[in-house]
Amino acid sequence: MSVTYVDAIREAQEKLLREDPRVFLYGQDISKFGGAFKATKGLAEEFPGRVLDSPISEDAMIGMAVGAAIEGMRPIIEMQFADFSSIAFNQIVNQAATHFYRTGVPVPLTVRLPSGGTPGSGPFHSQSMEALYAHYPGLIVVTPATVSDAYHMLLESVALDDPVVYCEHKFLYRWLKAPRINGDQLPIGKARITRPGKHATVVAYSAMVHEAVRAADRLKEQGGWEIEVVDLRSVKPLDIDTVLASVARTGRLLALGEAFPWGGVTAEVISRVCTDGFHLLDAPPRRLNSRDTPVPYHPKLWAAHRPTPETICIALRELLSF
Amino acid sequence: MPETEEAQRTAVDLDRDYVREVFRAMLRARLLENKLSSLYKAGKIVGGVYLGKGQEAVSASLGASLIKGRDIFAALIRDQAGRTAFGEPLIDCTRTYLGSVLGPMKGRDGNIHRGRPLDGMPAMISHLGAAVSVVGGMLIARRLKGELAGVVGATCVGDGATSTGAFHEGLNMAAVEQLPMVVIVGNNQFAYSTPTDRQFACEDLLDRAKGYGVGGHSVDGTDLLACTKVIGNAVKLAREGNGPQMVVARLLRLSGHGEHDDGSYVPPVLKDSQLGRDCIETGVVQLIESGIATVEEIERWKREFTDEVQAAVAQAQQEPTPDPWDENWNACSTPTGRGL
Ligand SMILES: Cc1ncc(C[n+]2csc(CCOP(=O)(O)OP(=O)(O)O)c2C)c(N)n1
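Residue numbers (this note's numbering), protein chains in the order written: chain A, 1 to 322; chain B, 1 to 340.
If we strip away everything but chain B, and leave its shape as in the complex, we get (with noise of 0.2 angstroms):
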């Protein structure tokens, strides 16, 4: 199969710790992620449930290509592996989509608009491409205290964001000041239920990549040694000072935009096609075949994930909700801003 050959021959120049790092950060969302749908149609979930299916290689390949503690990763809709390869800990994500009190969030916000700001966590808001120029703030805040030596901050958007005033102005910002930033854009053929025809008339996107004046990378979003190589490849040249990196993944989200809608407008013919590959199924194949993994190894996380996923979700459910007489119901913080 020269798919095979192609993933040996890709898997020779590629750190092994790194894509084992990658596959076991997709693990672990994908199978958090099946328990969070069984738990929303069990009526457990407050609020949505909007799922990163499909999308796990590109994610955690950034996210394992970042530094916690150094970088900055503003997480978005589809990023539950990019989340966890970052570091960020199983229980923020139980606690929020379950409304534990303990979350990052205490209740105030859920699923994935969490975040950790001071830990290089920024926590999204609804509005697409609202997060672009967060990331170029943090950045050049760290250049003008002079620390932004070796940072790299990153974010993902879908093709749909890719439309929004806000998306243009955060990547032409980041570009005008050169930030070792990178965007990676999911182009899951889907915005909601809008094709990409409906959305944007280039060729492709990643023409945008030179208009903005960034570089420009593409990717099969389905092939995991792809895209640690990709990926891993722009973060390195922005952390190497080559300002933003834009990289463009094809795929195709393998659910629903979130778990309440079935998805039925997406036709078959793509999802039998090369975008619709279960990333972590071809994942599992290149593993093995490059050797990276065996059978044994990769059944044994399973069993290891399932359990700690089980304790996640057993220790936020347990867990007490928010009342609102505890709550402080202040907008501000400081009391000037608390007067009405």
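Isolated chain A, as found in the complex (with noise of 0.2 angstroms):
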């Protein structure tokens, strides 16, 4: 038996209804037909009038999610896909993340964004849309990039006080799998080192974290370099510090997302290294990310707009030969 990244999203959704009476899902088809993804197969028989389909009306959603959370409840809202959170954009900077700072009454809601490229989703079935979230103040944003994490990420998301955006991968929900869920957990906010290493350190966050694994598999293959790298898990907060512990190490930085390339995650990254760590570096950090075009439908295309293995591969050996 083994667990897959989705059926750990649905697991500690499941442990929370059991467990929390405050905590109740909303989204679209997420009752009944157990959500497009299947992340709620099962839980409205198991918690009847617990997981409640919603209209298609991500605004309303969002502004449901904040009105429940004021009167005390826990809601764990399903976008079906990241992108239709771009309708409940308004609510969710607007009237989650500036709650408490106004009001002082804080707003516990949990926003899941299915997140991220899968092959012949196109344009708008596959953005990450972390960036945008976390450029707000008043929000958690958090990419978990394991089985375990997935697991253990939700359950925090939803236990803090804060609004959350848990953006999980779709190309992560069938494709990763781990033997069970294991105990390693980290808190919010924390990075890991995924892979140690010390020529340069890969800093990455949701499925990137594994197409950096296997770019550094290949480099240590060909020639024998060892590279560092390092899972985010959170966007906001970043963990900055994990990060420039690895510099310190290797000297040299790759900031990797599967975004769009201007500004965003890796941007961000960089731009702290430079202003915290730029002494501990041996060369200019450098940036991957998505090309500057939609997400492309067709897969051949897709598979090279984003990055890959094979473009990780490239960008680290020019930051190794500088």
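Honestly, the hints are just simulated from the structure, not real lab data.
For every residue, glycine included, the Cβ atom is placed at its ideal position computed from N, Cα and C.
One should not assume that every hint holds.
[Stated by the list, open to error] Chain A regions said to be covered by chain B (calculated; three or more residues, Cβ under 8 angstroms):
(1) 89 to 103
(2) 158 to 172
[What the hints assert, rightly or not] Dumping the calculated BS3-like pairs for lysine-lysine here, alpha-carbon to alpha-carbon at most 30 angstroms:
(3) Lys302(B) x Lys38(A)
(4) Lys145(B) x Lys41(A)
(5) Lys15(A) x Lys145(B)
(6) Lys35(B) x Lys68(B)
(7) Lys68(B) x Lys41(B)
(8) Lys15(A) x Lys177(A)
(9) Lys35(B) x Lys302(B)
(10) Lys68(B) x Lys236(B)
(11) Lys145(B) x Lys236(B)
(12) Lys145(B) x Lys32(A)
(13) Lys44(B) x Lys106(B)
Please assemble the complex out of the two chains, which come individually in their own frames, going by the hints.
So, in structure tokens, the structure goes:
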């Protein structure tokens, strides 16, 4: 038996519903149908009245969650795809994110965003929205890359008194498996060294952690390079201490993300490392993101749009040869 | 005068105390807003001033029909009277407008963007229509907690706000969930400077109630007794389990959009029409003619409220303003959220 990434998300929600009467789920097609990705399969039957189908109204879904959170509930909102959270953008960044600062009343809600690209999904079912939400004060933005993190970080997101944008990667849903959910969890806000190394640091998050590890394996085979991979786990808060400590060991930094290249998490990482760790760098830090176009539909174009082990290796070789 | 006859007929089946309460809140709000307007002109207000002049009968009828400590009222831009009727202390208003750090928003937000969410008064954001679903969520939470019986959640919007997606999504969601919600549309003929014919193409906003599958009610918002009756009834229907109720009130904004705006785009013919009546003036006539209040009582209330307003202003003016050094600058409540 093994557990997939999406199983972990489902199991976390099951545990939350079982143990916390304040928790309920709201989203499109999530009750009997079990959700577009089956992340809520069987939960409506197990917890009658607490897994509710919503109309196709992303704005109202988040407004509803804010109201419910004010009243002491812990809503988990499933966006069918992260891309559609653009409709809820106002409620997330202006209603949920400002609420505690303005009123002193926290709004503990969790918005689950099925994020990132999968082959054939195209421009409107592939987006990575984490940088947009991380930009706004008042939100926590998490990006689990492993099965166990998907589980533990969802539990922690719901337990936190602040609004959390939980970015789950669709590509990992079924592809990523683990023998079991392990107990080596870290708190949100702590990065993890996924693969230790000494010649260069790749800072990544979500599905890109796995692409970075593949690239690191290749460079190890091909030239004996030892590449350290840091998994940010959450992009806000961003654990710059772990990143700086890694750069202090390696002297070289590649910031890697699947999102669009202008601004964003990778730019934030580079800017902070340059500000606080300029003296640690032996080479100019590099960034690798998707190309600057909408996410293309055709699998061949899609595979060339996002960073791949090949392009990561190219970027790392340039970094290592400086 | 047929108007007076109608007033007397309407008054017969209205609760005298309720109508008096509505009118008292209207008067209090008007006197407060007159004061805010002069403070604004004297440069004493932090930011803009948005008044509900001419809309007090609608707003106060709603506020007075709701039960503080049980119901939910998401007040909007023109709801000083409703807030007062619902029980928001005047000092919340003056502190927020004058920038006292002791106000509910501590100087972090101002003017009408104030509330006490844990007392059933969520604090509006500027984005129009966004409060409808928040009230929906508060009611859904009550349902999940088994505490919905006898509860009503209400909010107000303008004619302009009905064009937003948020309004549509929120009201539709409330209808799907059959929530005990009352949405008052104050059709004051303008959204800032935009007249209704550039805002919607249906004949009457009331037509939309049918489209949403919610109860629909129409009222002359300048007629105090009609407002108390129609809005009181809508709240009652929602409370008794008849699902969301939408009330469209016809009236005119008797001020600019904000005090920075002279409203010169409002044609005089509208101001001179029935829509342009001042609900406080019609209210006074109605109360006296129906015997609900006497001239002396109304004069006494005016004096009382003028003193009360003066005291609330004076107190807020003496209070400390926010100090950036004491501000904690925390947008999140948890240590995790405070990490950058
Ligand atoms: C979504 C959104 N767009 C624009 C504005 C700017 N704005 C503030 S009030 C207003 C007019 C509102 O008109 P209406 O809803 O009819 O209410 P009224 O002011 O007439 O009471 C506008 C355009 C806003 N607050 N929210």
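Verification of the hints:
1. 89 to 103: Contact hint for the segment 89 to 103 of chain A vs chain B: holds, 11 residues under 8 angstroms.
2. 158 to 172: Coverage by chain B holds for the segment 158 to 172 of chain A (3 residues, Cβ < 8 angstroms).
3. Lys302(B) x Lys38(A): 63 angstroms, violated
4. Lys145(B) x Lys41(A): 24 angstroms, holds
5. Lys15(A) x Lys145(B): The given pair, whose Cα atoms are some 19 angstroms apart, holds under the 30 angstroms limit.
6. Lys35(B) x Lys68(B): 26 angstroms, holds
7. Lys68(B) x Lys41(B): 34 angstroms, violated
8. Lys15(A) x Lys177(A): With a Cα-Cα distance of about 20 angstroms, the restraint between lysine 15(A) and lysine 177(A) holds, given a limit of 30 angstroms.
9. Lys35(B) x Lys302(B): 13 angstroms, holds
10. Lys68(B) x Lys236(B): Roughly 15 angstroms between the alpha carbons, so the hint for lysine 68(B) and lysine 236(B) holds.
11. Lys145(B) x Lys236(B): With Cα atoms ~22 angstroms apart, lysine 145(B) and lysine 236(B) stay inside 30 angstroms; holds.
12. Lys145(B) x Lys32(A): It holds: about 22 angstroms lies between the C-alpha atoms, which stays within 30 angstroms.
13. Lys44(B) x Lys106(B): 17 angstroms, holds
Comparing the model with each numbered hint stated earlier shows that hints 3 and 7 do not hold.
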